[in-house]
Amino acid sequence: MRKGIKAVTLAVLFSLFLLTAVSVHPFGRPPETGMDDYFILNGQEQTGCNNIVTSVVFDYRGIDTLIEAAVLFAAVMGVFMVFGRDVNGW
Amino acid sequence: MDGKGSSRIVRNVTCMLSVPVMVFGLYVVLHGHLTPGGGFAGGAVMATFIALFMVSFGKDISRRLDSGPFSVSESLALLAFVGIALLGIQVTFFSNFLANSGLLFGLTVPFGTNPGFLGTGGVTPLMNLAVGLEVFSGLSLILIVMFRSGGDGDNA
Numbered sequence: 001m002r003k004g005i006k007a008v009t010l011a012v013l014f015s016l017f018l019l020t021a022v023s024v025h026p027f028g029r030p031p032e033t034g035m036d037d038y039f040i041l042n043g044q045e046q047t048g049c050n051n052i053v054t055s056v057v058f059d060y061r062g063i064d065t066l067i068e069a070a071v072l073f074a075a076v077m078g079v080f081m082v083f084g085r086d087v088n089g090w
Numbered sequence: 001m002d003g004k005g006s007s008r009i010v011r012n013v014t015c016m017l018s019v020p021v022m023v024f025g026l027y028v029v030l031h032g033h034l035t036p037g038g039g040f041a042g043g044a045v046m047a048t049f050i051a052l053f054m055v056s057f058g059k060d061i062s063r064r065l066d067s068g069p070f071s072v073s074e075s076l077a078l079l080a081f082v083g084i085a086l087l088g089i090q091v092t093f094f095s096n097f098l099a100n101s102g103l104l105f106g107l108t109v110p111f112g113t114n115p116g117f118l119g120t121g122g123v124t125p126l127m128n129l130a131v132g133l134e135v136f137s138g139l140s141l142i143l144i145v146m147f148r149s150g151g152d153g154d155n156a
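Protein chains in written order, with my numbering: chain A, 1 to 90; chain B, 1 to 156.
So here's chain A without its partners, still in its complex pose (with noise of 0.2 Å):
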């Protein structure tokens, strides 16, 4: 019985899974394309950055890498409240 049922779930999540790999759009051709094209073809213009990765990260999505810093200095201070006990000078 339990093993029936484990056949029958793990048929299902197969085929399910493999309908979701055939079914993704090809590599390379999205199927909006609006705002990669703006960001390609405004981006060097509008922040002076060649690398268009930098100029999305640090301007047009800048609140994003300023909360990314945000989590990196809320690690630093778990990091400080569990291993901290015998630091001196902070």
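I should point out that these hints are in silico values taken from the structure, not numbers from a laboratory. Check each hint, because a few of them may be wrong.
[Claimed, not checked] Computed, partial: chain B to chain A, Cβ under 7 Å:
1) 38
2) 91
3) 96
4) 97
5) 99
6) 103
7) 109
8) 111
9) 116
10) 122
11) 124
12) 126
13) 134
14) 142
15) 145
16) 149
Here the structure is a predicted model, which is why all the values come from computation and not from measurement. All residues carry an ideal CB built from backbone N, CA and C; glycine is no exception.
With chain A held as given, fit chain B onto it using these hints.
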């Protein structure tokens, strides 16, 4: 590890590697707007050297590393990041007010393929520097505090 660290050869090679590793990390940070990389990657490269220093020089010397300057520089770098973002508040938060302005990092970049000019990018190189310093100090602080606290036997 008995507190003395690795052999003399490893320690000498660590001293010799200090300059190339730090220069490469700074290069990755400073050229973040031209080449792959940026503040996060370059800061991690520079923090790698702190780990190498601790492993090769052992507990006795590494315990004397002061965490105070790293803590101060981490906080100041995060404040500088927010401050640069706030400087462009007359347009929006995180507006690139230095791009194409002719001021610091304000050269106009030609569209398409170009050799890459260091003086372009507006506020992006400054933010890369701030994030690089923040990541370097933060990772070094984690390494220093965990290295100092662990391995004693009494509070591990």
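Tested hints:
1. 38: holds (6 Å)
2. 91: violated (12 Å)
3. 96: holds (5 Å)
4. 97: Status violated, d = 11 Å.
5. 99: Residue 99/B check passes; min Cβ-Cβ to chain A is 4 Å, inside 7 Å.
6. 103: violated (12 Å)
7. 109: holds (5 Å)
8. 111: This interface hint holds because 6 Å falls under the 7 Å limit.
9. 116: OK, holds: residue 116/B within 7 Å of chain A, min 5 Å.
10. 122: It holds, given that the least Cβ distance between residue 122/B and chain A is near 5 Å, below 7 Å.
11. 124: holds (5 Å)
12. 126: violated (9 Å)
13. 134: Since the shortest Cβ distance to chain A is 6 Å, the answer is holds.
14. 142: holds (5 Å)
15. 145: holds (5 Å)
16. 149: holds (4 Å)
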